[in-house]
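Colleague: So the chains spell out like this:
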Amino acid sequence: MKPISLAMIALFVFAPFLMLAKIQTDFLQKTLMLRQHYDTAIDNAVSDAAFVLAGSVRMQTSDTEAHRFEADAQEALVAFFDSLSNGLGAAGDVMSESRVRSHVPVVLAVGYQGLILYTNSQYKDAQGVVVSGPVVFPEKPYIWVPEDGRKPVLFTMGSDVILYNDGQVSPSSYLKAAALYPEFSDREQFDTMRLSAIAKTVRDALSQGLSLAAMTPDVLHSSADGLEAFRQGRVQNLYRTESGSAFLQLPTADDAAFRRAVSDVGLLAFVQGLPVGGNKDYSTFAFGGGRVVKRNGVVGYAWDSRLLYCVEDCVEFQKVSADPAFDLNTMVFFAGPEEAALEGYEPCPDCH
Amino acid sequence: MDDAIWKLLGFILSAVLLFAIPTMALLERQDDVTQSMVQAEANRFVDTARDMGYISPQLYTRFSERLQATGLHYNIRIRHEKRTWIPVYDSVGTGLVFTGNYDQSRVVAGEADVLATLFPTGGIPPDEASLHYNMHAGDLLFVEVRSRGETMADAMRRWLWFGQGAASGIWGRAGGMVRNEAN
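The listed protein sequences correspond, in order, to chains A and B. What the first sequence shows, in the working numbering, is residues 1 to 352, in sequence order. What the second sequence shows, in the working numbering, is residues 353 to 535, in sequence order.
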């Protein structure tokens with residue numbers, strides 16, 4: 001046999017494998033590009049929504065401000081879906097926008113002292129007809145209920161807490177609250193408890209949202225505890241999107257990573273089932289890009305006939321506040337050093 | 353006779369293997385690089401405009417020139433979604449009563465509106481700032497770039513597959529919320 005014939009036989013044998021490898025590589029490359037495109041669109045949308053929420057990075061001291069967070073959260077949701085639709089090229093087409101929405105079963109607007117859950121689920125309207133659409137829940141606080149019967153405490157993203165007192169809620173600093181809750185006297189322990197309560201609220205809201213999104217109204221109403229049933233996998237967690245269906249899963253991030261992610265005001269979006277070809281779909285849980293860096297406040301106080309402000313961790317402040325002569329009533333909390341200076345407080349030489 | 357057919361087939365195959373396939377791989381690689389570059393330029397343009405709060409003629413021209421440097425022609429689509437918040441009033445009797453709610457309206461401007469501001473037809477106005485296309489914080493700005501016609505890799509693919517290869521072209525989209533205002 002001539003060498004040319006051998007070469008051609010070898011070519012005919014190997015060519016199909018080479019072609020298959022080429023097709024597979026092209027497919028993987030296209031999938032990767034599509035995933036990157038989805039990542040960018042989702043990260044941008046989350047970041048845009050967080051930008052809207054940035055106005056809510058503070059304590060809500062009145063009903064107006066609480067209402068404002070709800071309004072900001074609604075705005076953030078609108079911004080998220082607008083940005084996502086634009087990013088995915090669906091803007092301007094009602095059907096495409098609706099398809100994009102159908103891939104977002106749950107969004108959480110995480111605020112300073114509570115979160116708002118948005119879910120895309122099926123429900124029965126007043127006429128008993130099953131409809132599918134967005135459902136927004138009222139604000140859920142970051143609550144911690146002590147096991148020994150003491151009154152519950154509402155945590156915030158900062159060092160403030162909200163206490164129940166004779167049927168009234170009153171904002172307080174964690175140091176003041178330490179009189180009733182001695183575990184708050186250690187800042188590290190307080191932060192651990194606070195982050196744990198926030199993470200629990202977020203995780204519960206997320207699984208509640210996912211269970212609502214996954215279940216049909218009949219399943220939901222027949223289940224005594226839909227959330228628990230979803231957690232235990234007793235109900236079908238198949239979420240129907242307009243272009244197919246996707247299995248919903250709770251985030252698998254380990255606790256530490258999850259706590260870091262929920263340590264600031266922002267927006268968490270759960271995106272499921274975007275098609276990437278090859279009967280596969282893309283699901284992500286985006287919270288990293290949308291976080292807003294919160295400024296640490298300062299505490300103002302009177303000491304030695306002077307008005308001073310410190311960061312709360314300041315060693316000097318810890319020492320002074322433990323002194324029996326220190327008057328707790330002189331303590332004032334400010335959003336930042338500028339605000340404290342405007343009120344006539346001087347910087348502490350130790351921490352500023 | 354058989355020998356001649358074998359030789360011809362061998363020649364065609366070696367031409368394809370030694371010339372066409374490596375060229376195809378090279379052109380596809382060039383498309384990949386162009387694709388990354390177009391996406392990066394789209395990001396750079398739109399991020400700069402979102403941070404500044406306006407699009408200037410220089411910014412647009414630079415963006416356009418960088419795209420042209422890839423050797424292809426592009427269609428640039430711009431979508432600026434302006435938002436306005438309008439209070440909702442109820443008519444009670446002959447007067448109007450504020451309901452406490454508001455509506456959000458969105459007006460979309462396209463590349464024609466942007467280019468009409470950046471490059472006016474009636475001569476250049478005295479102040480440069482009036483050539484800026486201004487936006488407001490909270491608006492959405494998106495840009496989509498798509499190559500016109502086919503790339504060399506597309507053409508080669510079409511030739512190798514006897515007209516069957518689909519033209520993928522070069523494409524990029526970027527955008528998001530406007531973060532600052534010019535004024």
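No lab work stands behind these hints: they were computed from the structure. Incorrect hints may have been included.
Derived lysine to aspartate or glutamate pairs resembling DMTMM-like cross-links, with alpha carbons at most 25 Å apart [what the hints assert, rightly or not]: (1) B:Lys434 to A:Asp93; (2) A:Lys22 to B:Asp506; (3) A:Lys22 to B:Asp455; (4) A:Lys30 to B:Glu502; (5) A:Lys140 to A:Asp264; (6) A:Lys30 to A:Asp281; (7) B:Lys434 to A:Asp191; (8) A:Lys30 to B:Asp384; (9) A:Lys22 to B:Glu380; (10) A:Lys2 to B:Asp354; (11) A:Lys200 to A:Asp281; (12) A:Lys151 to A:Glu97; (13) A:Lys22 to B:Glu496; (14) A:Lys319 to A:Glu346; (15) A:Lys2 to B:Asp355; (16) B:Lys434 to B:Asp455; (17) A:Lys176 to A:Asp43; (18) A:Lys280 to B:Asp384; (19) A:Lys30 to B:Glu496; (20) B:Lys434 to A:Asp264; (21) A:Lys140 to A:Asp93; (22) B:Lys434 to A:Glu75; (23) A:Lys176 to A:Asp166; (24) B:Lys434 to B:Asp465; (25) A:Lys176 to A:Glu188.
Chain A is nowhere near these chain B residues, computed Cβ spacing over 10 Å in every case [claimed, not checked]: (26) Gln387; (27) Ser408; (28) Ile438; (29) Tyr441; (30) Gln456; (31) Thr473; (32) Gly475; (33) Ala481; (34) Phe494; (35) Glu496; (36) Met504; (37) Gln516; (38) Met529.
Keep in mind the model is a prediction, meaning the values are calculated, not measured. Cβ atoms here follow ideal geometry from the backbone N, Cα and C, with glycine treated the same way.
Colleague: Does each hint hold? Answer for all of them.
Modeller: Hints, verified against the model:
Between Lys434 (chain B) and Asp93 (chain A) the CA atoms are separated by roughly 17 Å; this keeps the pair inside 25 Å, and the hint holds. Taking the CA atoms of Lys22 (chain A) and Asp506 (chain B), the gap is about 16 Å. The hint holds against a cut of 25 Å. Between Lys22 (chain A) and Asp455 (chain B) the CA atoms are separated by roughly 53 Å; this puts the pair beyond 25 Å, and the hint is violated. Restraint check for Lys30 (chain A) and Glu502 (chain B): the C-alpha separation of about 18 Å stays at or below 25 Å, so the hint holds.
With a CA separation close to 16 Å, the supplied pair Lys140 (chain A) and Asp264 (chain A) stays within the 25 Å bound. Between Lys30 (chain A) and Asp281 (chain A) the alpha-carbon distance is near 14 Å, which keeps this suggested pair within the 25 Å criterion. Our distance criterion of 25 Å between C-alpha atoms is broken by Lys434 (chain B) and Asp191 (chain A), whose separation comes to about 41 Å. Annotation: proposed proximity of Lys30 (chain A) to Asp384 (chain B) holds, straight-line Cα distance about 11 Å (limit 25 Å).
This hinted pair checks out: Lys22 (chain A) and Glu380 (chain B) have alpha carbons roughly 12 Å apart, not beyond 25 Å. A hinted pair counts as satisfied when its Cα atoms are at most 25 Å apart, and Lys2 (chain A) with Asp354 (chain B) qualifies at roughly 13 Å. Only pairs whose Cα atoms come within 25 Å are accepted, and Lys200 (chain A) paired with Asp281 (chain A) is rejected, the gap being roughly 28 Å. For the hint linking Lys151 (chain A) to Glu97 (chain A), the alpha-carbon distance of about 46 Å lies beyond 25 Å, and the restraint is violated.
Using a Cα cut-off of 25 Å, the hinted pair Lys22 (chain A) and Glu496 (chain B) is violated, with the two alpha carbons roughly 29 Å apart. The suggested pairing of Lys319 (chain A) with Glu346 (chain A) holds, with an alpha-carbon distance near 18 Å, which does not exceed 25 Å. A distance of roughly 10 Å separates the Cα atoms of Lys2 (chain A) and Asp355 (chain B); the hinted pair therefore holds under the 25 Å criterion. Of the supplied pair hints, the one linking Lys434 (chain B) and Asp455 (chain B) holds, its CA atoms being roughly 14 Å apart against a limit of 25 Å.
Between Lys176 (chain A) and Asp43 (chain A) the alpha-carbon distance is near 39 Å, which puts this suggested pair outside the 25 Å criterion. Restraint check for Lys280 (chain A) and Asp384 (chain B): the C-alpha separation of about 24 Å stays at or below 25 Å, so the hint holds. The suggested pairing of Lys30 (chain A) with Glu496 (chain B) holds, with an alpha-carbon distance near 18 Å, which does not exceed 25 Å. Annotation: proposed proximity of Lys434 (chain B) to Asp264 (chain A) is violated, straight-line Cα distance about 29 Å (limit 25 Å).
With a C-alpha separation of about 34 Å, the suggested pairing of Lys140 (chain A) with Asp93 (chain A) is violated against the 25 Å cut-off. Our distance criterion of 25 Å between C-alpha atoms is met by Lys434 (chain B) and Glu75 (chain A), whose separation comes to about 14 Å. Taking the CA atoms of Lys176 (chain A) and Asp166 (chain A), the gap is near 17 Å; set against the 25 Å cutoff, the hint holds. Annotation: proposed proximity of Lys434 (chain B) to Asp465 (chain B) holds, straight-line Cα distance about 12 Å (limit 25 Å).
With a CA separation close to 16 Å, the supplied pair Lys176 (chain A) and Glu188 (chain A) stays within the 25 Å bound. At roughly 8 Å from the closest C-beta of chain A, the C-beta of Gln387 (chain B) falls inside 10 Å, breaking its exclusion from the interface. Annotated as non-interface, Ser408 (chain B) keeps its C-beta farther than 10 Å from every C-beta of chain A; the closest such distance is 22 Å. Its beta-carbon lying about 14 Å from the closest one in chain A, Ile438 (chain B) satisfies the requirement of being farther than 10 Å from that chain.
The Cβ of Tyr441 (chain B) sits about 18 Å from the closest Cβ of chain A, beyond the 10 Å cut-off, so the non-interface label holds. Not every C-beta of chain A lies more than 10 Å from that of Gln456 (chain B), the closest at about 7 Å, which undercuts listing it as non-interface. For Thr473 (chain B), the shortest C-beta to C-beta distance to chain A comes to about 27 Å, beyond the 10 Å cut-off, and the non-interface label holds. With a closest Cβ-Cβ approach of about 34 Å to chain A, Gly475 (chain B) is found to remain outside the 10 Å limit, as its non-interface label requires.
Even its closest Cβ contact with chain A, about 25 Å, leaves Ala481 (chain B) beyond 10 Å, as expected for a residue assigned away from the interface. Against the 10 Å criterion, Phe494 (chain B) falls within the reach of chain A, whose nearest CB is about 5 Å from its own CB. The claim that Glu496 (chain B) is not at the interface with chain A is violated, since a C-beta of that chain comes within 10 Å of its own (minimum 7 Å). Separation of Met504 (chain B) from chain A is adequate, the least Cβ-Cβ distance of about 17 Å exceeding the 10 Å criterion.
With a least beta-carbon separation of about 14 Å from chain A, Gln516 (chain B) lies farther than 10 Å from that chain, consistent with its non-interface assignment. Non-interface status of Met529 (chain B) relative to chain A is broken: a Cβ of that chain comes within 10 Å, the nearest being about 4 Å off.
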